[in-house]
Amino acid sequence: MTPKERVMNTLEKGRVDRVPAFSGMGNVTVAGMRKHGIDFASSHTDAELMAKLACSTYELFGFECAVVPFDLCVEAEALGCGVNFYAGKSSILYPTIRSKVLSVGEELSIPEGLLERGRIPLVQEAISRCGERLNGEVAVGSYVLGPFTLAGQLIDLNDLLKSSFKKPEQVKALLEQLVEPLAEIASAYAESGADYITVREMGAPSDVISPRMFKTLVQPYLKELISRIKAPTILHMCGDTNMLVEMLHECGASAISVEQKNDVAATRQKLGEEAVILGNLDAYGVIVKGSPADVEHSVKQAIDAGVDGVMPGCDIWPEVPEENMHALMRAVAKYGAR
Amino acid sequence: MEEKEQLLEQMRKAVIEFEEERVKELANKWVELGYDANEAIFEGLAAGMEVVGELFAKNEYFVPEVLMCADALYAGLDILRPHIKAEDKTETKGVVVIGTVEGDVHDIGKNLVKLMFEVAGFEVHDLGKDVPLEKFVEEQLRTDADLVCLSAMMTTTMPGMKKVIEMIRERNPNVKIMIGGAPVSEKTVEMYGADATGKDAASALEEAIKMVSSLREMKRKKEI
Ligand code: B12
Numbered sequence: 011m012t013p014k015e016r017v018m019n020t021l022e023k024g025r026v027d028r029v030p031a032f033s034g035m036g037n038v039t040v041a042g043m044r045k046h047g048i049d050f051a052s053s054h055t056d057a058e059l060m061a062k063l064a065c066s067t068y069e070l071f072g073f074e075c076a077v078v079p080f081d082l083c084v085e086a087e088a089l090g091c092g093v094n095f096y097a098g099k100s101s102i103l104y105p106t107i108r109s110k111v112l113s114v115g116e117e118l119s120i121p122e123g124l125l126e127r128g129r130i131p132l133v134q135e136a137i138s139r140c141g142e143r144l145n146g147e148v149a150v151g152s153y154v155l156g157p158f159t160l161a162g163q164l165i166d167l168n169d170l171l172k173s174s175f176k177k178p179e180q181v182k183a184l185l186e187q188l189v190e191p192l193a194e195i196a197s198a199y200a201e202s203g204a205d206y207i208t209v210r211e212m213g214a215p216s217d218v219i220s221p222r223m224f225k226t227l228v229q230p231y232l233k234e235l236i237s238r239i240k241a242p243t244i245l246h247m248c249g250d251t252n253m254l255v256e257m258l259h260e261c262g263a264s265a266i267s268v269e270q271k272n273d274v275a276a277t278r279q280k281l282g283e284e285a286v287i288l289g290n291l292d293a294y295g296v297i298v299k300g301s302p303a304d305v306e307h308s309v310k311q312a313i314d315a316g317v318d319g320v321m322p323g324c325d326i327w328p329e330v331p332e333e334n335m336h337a338l339m340r341a342v343a344k345y346g347a348r
Numbered sequence: 029m030e031e032k033e034q035l036l037e038q039m040r041k042a043v044i045e046f047e048e049e050r051v052k053e054l055a056n057k058w059v060e061l062g063y064d065a066n067e068a069i070f071e072g073l074a075a076g077m078e079v080v081g082e083l084f085a086k087n088e089y090f091v092p093e094v095l096m097c098a099d100a101l102y103a104g105l106d107i108l109r110p111h112i113k114a115e116d117k118t119e120t121k122g123v124v125v126i127g128t129v130e131g132d133v134h135d136i137g138k139n140l141v142k143l144m145f146e147v148a149g150f151e152v153h154d155l156g157k158d159v160p161l162e163k164f165v166e167e168q169l170r171t172d173a174d175l176v177c178l179s180a181m182m183t184t185t186m187p188g189m190k191k192v193i194e195m196i197r198e199r200n201p202n203v204k205i206m207i208g209g210a211p212v213s214e215k216t217v218e219m220y221g222a223d224a225t226g227k228d229a230a231s232a233l234e235e236a237i238k239m240v241s242s243l244r245e246m247k248r249k250k251e252i
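Residue numbers (the numbering used here), protein chains in the order written: chain A, 11 to 348; chain B, 29 to 252.
Hints are computed from structural coordinates only; laboratory data are not their basis. Quick caveat: nothing in here was measured; it's all calculated off a predicted structure. Worth double-checking, as some hints may not be accurate.
Have a look at the derived ranges for each label pair, beta carbon to beta carbon [said to hold, decoys possible]: (1) B/87 x A/121: 53 to 63 angstroms; (2) B/166 x A/253: 37 to 47 angstroms; (3) B/111 x A/177: 27 to 37 angstroms; (4) B/200 x A/111: 51 to 61 angstroms; (5) A/253 x B/162: 35 to 45 angstroms; (6) B/87 x A/166: 19 to 29 angstroms; (7) B/234 x A/46: 40 to 50 angstroms; (8) B/56 x A/56: 51 to 61 angstroms; (9) A/301 x B/111: 58 to 68 angstroms; (10) B/199 x A/301: 31 to 41 angstroms; (11) B/248 x A/180: 47 to 57 angstroms.
The C-beta atom is built at its ideal place from N, Cα and C for all residues, glycine as well.
Could you build all of it, start to finish, from the sequences and the hints given here?
Shown next as C-alpha cells:
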C-alpha cells in the first residue's frame, strides 16, 4: 500500500494495512531546511522552495504527506492584509499579519479575481510541484482557515470576541461572507492537486470561546464551508475540544483532528466507530521536547485511545530532533497494524 | 452606611454581568454622594472582577465574557479615578511593562494577565504583541518599571525572552522579570534567568505582588 492510499483510505474510512502518520498542517523540519539549504523566511514566497521543503519530511523520515503552505496568512493577505515574513531573521519565526483591514460592522469587499491575489497562485503552484516530486505516491495536503479564525486575522481579535457577544448579527454577516472566498480558495487548491484540504478553526476552542458560542456562531459557517469543498476534508482544532467534538463531527468533514488536550478515548466513545479521528500528539511537549521513548509512548497511547491516523496536534515544530521523527515512524509501524 | 454597601454590591454585580451602562450609572451616583472613590474601585469594581476570574477558571466564563466585564470595569474606573483622594494617589502597587515577544501574535493570555494587573492597581504599559525585543528594554527605562512581563506561546519565540532578560539585566539589574505562556515552565525561568512565572493570570498577579513589594522594600532600605 502506498502512503497516499493509506492516507486517502483512512480519510474515506476504507481498508488500510496500518494507521498512517501524517498531518493536515505544516510539517517543516530544520533537517529539511538544512538538506536543501533553504531558510524558513524565503520558503513562504517561492513555490519551488515551499514544495521542496514540504516534501522533505517525507523524503527524510517517511512522514506520509506533503502539506503547503506553512503559515496562516494566505487568505487574509489575498483579502488585503499586510504580512510580515521576518525576512533576514536568523530564528524561525512564523509569518504574521502586519495590518488588520476591517472592524466589526464594516462591509468587507471581496476583491475581484481573488484567486489571482497574494500568494494563492504560489500555493497552487507549490501544490502541483509537490505532486510532481512525489509521483502520486504520497498524499499532498493543503489548508484554509475556518471563517471565525480568518475573521480573527482580518479584525482586531478583542473587537471580534466582544462583538460576538454584543453584535452577533454583524459578526454572523461577516462569517457568512467569508465562506464563499474560503470555499473558492480550497477548491482551487484541490484543482491544483491537493488530495485533501484541512480547515483550521484554531481560533475557536473552549480555551477561548464558550461551546454555546461555538454552536451559534462558528458551527453553521464551518458546516457550510465544508459542504462546499469538493475534496476530502479534515476539520482541525487546537486547544481544548472536549466539549466540542460532537459539534465538530456534525460539521461533516471526512475527519476531525484534535490535539493533546483532547481525551481521544472519550471522543471515540462519543462519536462511535464510524467517525474518523486524527491526532493527538503534543507537537511541542512530546515531539520536540520528549525523548524518542516518549514519542513512541505517545504514538501508542493515541492508537490505543482510538485514532485512525497519528497526527501532531498542530504544525510540526521545525526544531524537532531527527531521532524523534524516526521514533514516530517506527512506533506507527510497530503499533499501528490493522 | 447601608446605601453604600448596597451600591458596592450592585457595582460588583454589574461588572460580573458586564453591564457597562449600569456600572457608569452606579459610579456616577457614588461620586455624587461624595463617597471614597478608592473604596468603590477596590470593594466594588475589582471585587467584581475577582469573581469574573473565578468564573473563567471554572469554565463558566470564556474570553469574550471576560473582555466585556473588563470594559464594564474600565467604564467605572474612568469615572472614579479623577476623584481618588490625593493621599491615595501617591503609591500605585507598581509599574509594569507587558507584551508578547517578537514573532508571536498570541495575545489572548497576555491580555488577561494585563487586566488582572490593572484591576489590582498596577500602572500597566502594554506594548502589544509581536514586540521587537529592544522595545521592552526601552520601555522599562522610559517608565522606570518595577516589573517586566513577557509572554510567548511558541517555542520559537520563547528564546526571545532570554535575550530580553539579558538586555534588561545589563542595564538595570534590579528589575523583576516574569515570563509566561503555555510553553513556559519553572525550568524555563531558571534557564532564562527570569524571576518567576505563573500558570494563569491570577497566579501571575500573586507572584507579581510578592516580588514588587520585596523590591520596594529593598529600595526603601537603600534610601534609608
Ligand atoms: C488561539 C490560538 C491562535 C490564534 C491566536 C489569536 C491571538 N491573537 O492570540 C491564531 C489562530 C492567530 C494562532 C496562530 C498561530 N498559532 Co496558535 N494557538 C492558539 C491556541 C488554540 C489557544 C491559545 C490561547 O489563546 N489560549 C487561551 C489563553 C487564555 O491561554 P494562554 O495563552 O495559555 O494564557 C494563560 C497562561 O499561559 C498565562 N500567561 C500567558 N502569558 C503570560 C505572561 C506572564 C508573564 C505570565 C506570568 C503568565 C502568562 O496566563 C494566561 C491566562 O490564564 C493554542 C493552543 C493551546 N493549546 O494553547 C495554539 C498554539 C499556541 N498555536 C500554535 C501555532 C503553531 C500557531 C502558528 C505558528 C500556526 C502557523 N502555522 O502559523 C500561528 C502563529 C503565528 C505567529 N507567528 O505568531 C501552537 C504553538 C506550538 C509551539 N510549539 O510553540 C499552539 C500551542 C497549538 C498547538 N497545539 O501546538 N493561534
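Structure-based check of each hint:
Taking the beta carbon of each, residue 87 of chain B and residue 121 of chain A are about 40 angstroms apart, not inside 53 to 63 angstroms as hinted. For residue 166 of chain B paired with residue 253 of chain A, a C-beta distance near 43 angstroms keeps the hint of 37 to 47 angstroms intact. The hinted window of 27 to 37 angstroms between residue 111 of chain B and residue 177 of chain A holds, with their beta carbons roughly 32 angstroms apart. In this structure the hint that residue 200 of chain B and residue 111 of chain A lie 51 to 61 angstroms apart at CB is violated, the actual value being about 39 angstroms.
Between residue 253 of chain A and residue 162 of chain B the Cβ separation comes to about 42 angstroms, which falls inside the hinted range of 35 to 45 angstroms. At roughly 25 angstroms, the beta-carbon separation of residue 87 of chain B and residue 166 of chain A lies within the given 19 to 29 angstroms, and the hint holds. Distance hint check: the CB atoms of residue 234 of chain B and residue 46 of chain A are about 48 angstroms apart, consistent with the given range 40 to 50 angstroms. Between residue 56 of chain B and residue 56 of chain A the C-beta distance comes to about 60 angstroms, which sits within the given range of 51 to 61 angstroms.
Between residue 301 of chain A and residue 111 of chain B the beta carbon distance is about 60 angstroms. The supplied range of 58 to 68 angstroms therefore holds. Between residue 199 of chain B and residue 301 of chain A the beta carbons are some 39 angstroms apart, a value that agrees with the proposed interval 31 to 41 angstroms. Checked against the hint of 47 to 57 angstroms, the C-beta distance between residue 248 of chain B and residue 180 of chain A comes to roughly 52 angstroms, which is consistent with it.
The structure fails hints 1, 4 (numbered hints given earlier, in ascending order).
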